[in-house]
Amino acid sequence: MSTVLALVPMIFLMGWRTISSPIPCVKQEIDRSEATIGDRLSYRIEILTTEEQEVIIPENQPYFSKFVVRNRTIRIHTRKGVRKTILEYELVSYDVGLDTIPEITILIKESGDTLDFKTQPFPVEIKSVAPGLTGEEDIKGLKPQIGIRFSYWYFILGFFLLLLAAGLIILLLKNRRRKISPERIEKKPPWEITLTELKRLSESEPVTREEIKLFYSKLSFILRKYYEALYEFPAVENTTTEIIGHLKRRKDFKQHLQTTRNFLSTSDLVKFAKYIPSPFNDEREICMVKEIVEKTKEKEEEKEKEEINV
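If you count the sequence shown from 1, you need to add 1 to reach the working numbering.
It should be emphasised that the hints constitute simulated quantities derived from the structure, not laboratory data.
C-beta: ideal position from N, C-alpha, C; glycine also.
There may be inaccurate statements among the hints.
[As the list claims (entries may be wrong)] Below, in silico cross-link-like pairs of lysine-lysine (DSS-like), each with a Cα-Cα straight-line distance of 27 Å or less:
id, residue 1, residue 2
1, Lys-189, Lys-296
2, Lys-255, Lys-226
3, Lys-275, Lys-226
4, Lys-296, Lys-252
5, Lys-249, Lys-306
6, Lys-200, Lys-255
7, Lys-200, Lys-298
8, Lys-249, Lys-300
9, Lys-291, Lys-272
10, Lys-291, Lys-200
11, Lys-255, Lys-300
12, Lys-119, Lys-28
[As the list claims (entries may be wrong)] Derived DEER-like restraints, expressed as beta-carbon distance ranges:
id, residue 1, residue 2, range
13, Ile-157, Lys-67, 52 to 58 Å
14, Pro-278, Arg-250, 27 to 33 Å
15, Glu-233, Thr-197, 17 to 23 Å
Let the sequences and hints guide you as you build the complete structure.
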């Protein structure tokens with residue numbers, strides 16, 4: 002009962018306050034007049050009107066000088082024929098010093114007429130987070146880029162190092178070319194190379210029936226390379242007929258011509274016609290080619306001696 006009796010005067014006072022306020026009217030308040038830089042301020046505007054009156058709220062947020070509007074809310078309450086429109090702004094300032102929240106114009110329409118209401122400017126002091134910096138800028142702009150000084154000696158030294166490296170590379174390449182120069186490579190006579198290859202072939206495993214074709218391919222290739230190196234014509238690429246045609250023109254080769262023709266023809270039959278000579282003896286074939294090499298070698302060595310004596 003005592004609680005109810007206590008609430009009655011409060012309700013009476015609130016009702017008297019509402020009735021005593023002229024309608025329409027505009028009120029404003031701010032939660033504090035001093036703040037630290039970066040703190041949020043709550044700025045509130047109350048507009049009291051009748052239900053028939055229309056409040057025109059600015060579509061765009063008003064200009065708040067150096068303050069930044071973080072948020073804006075609009076609330077409307079109606080009670081006993083009185084409509085209360087509340088505008089709340091959340092403001093932040095990043096500049097130290099005394100600033101002012103400017104006046105805001107509120108328009109109220111009634112019976113075709115428009116009433117103009119303005120709020121009062123509010124002074125607010127923004128203080129620094131550090132007391133010693135009051136009046137100075139807490140947040141400063143970006144400073145220009147600082148140029149990095151280079152010493153020209155580094156460029157000169159680097160240039161000479163590059164020249165030195167290039168000179169060393171050129172010198173190494175020249176020395177390498179001298180080492181592999183054709184003049185310094187000892188050139189072996191063709192018969193010496195061929196006899197070495199024949200010896201290697203002779204020392205390999207005995208030839209089976211399945212390896213006869215491979216054997217004749219290797220042996221004929223050795224002989225063709227020998228003729229190409231000795232008489233300087235493309236014997237490796239030529240056919241048997243073309244090789245015999247070249248050798249016919251050499252008077253010193255007549256005694257080996259028929260043996261060469263028979264061997265190369267047999268090799269062609271084995272390689273291309275699947276012919277298997279009977280009887281087959283790999284050592285005999287190698288010895289035949291070796292004999293051709295030995296005989297031609299003797300004649301070539303005699304020619305070289307004659308040229309030296311002349």
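Structure-based check of each hint:
1. Lys-189 to Lys-296: holds, 18 Å
2. Lys-255 to Lys-226: holds, 19 Å
3. Lys-275 to Lys-226: holds, 24 Å
4. Lys-296 to Lys-252: Given pair Lys-296, Lys-252 holds - Cα atoms ~14 Å apart, limit 27 Å.
5. Lys-249 to Lys-306: Cα-Cα ~25 Å, so holds.
6. Lys-200 to Lys-255: Satisfied, since the Cα-Cα distance of roughly 26 Å is no more than 27 Å.
7. Lys-200 to Lys-298: With a Cα-Cα distance of about 16 Å, the restraint between Lys-200 and Lys-298 holds, given a limit of 27 Å.
8. Lys-249 to Lys-300: Between Lys-249 and Lys-300 the Cα gap is close to 16 Å, so the pair holds against 27 Å.
9. Lys-291 to Lys-272: holds, 21 Å
10. Lys-291 to Lys-200: Holds. Lys-291 to Lys-200 sits at ~9 Å (cutoff 27 Å).
11. Lys-255 to Lys-300: The given pair, whose Cα atoms are some 13 Å apart, holds under the 27 Å limit.
12. Lys-119 to Lys-28: Between Lys-119 and Lys-28 the Cα gap is close to 10 Å, so the pair holds against 27 Å.
13. Ile-157 to Lys-67: 52 to 58 Å: At 54 Å between Cβs, range holds.
14. Pro-278 to Arg-250: 27 to 33 Å: holds, 29 Å
15. Glu-233 to Thr-197: 17 to 23 Å: Cβ of Glu-233 to Cβ of Thr-197: about 21 Å, so the range 17 to 23 Å holds.
The earlier numbered hints are all upheld by this structure, with none contradicted.
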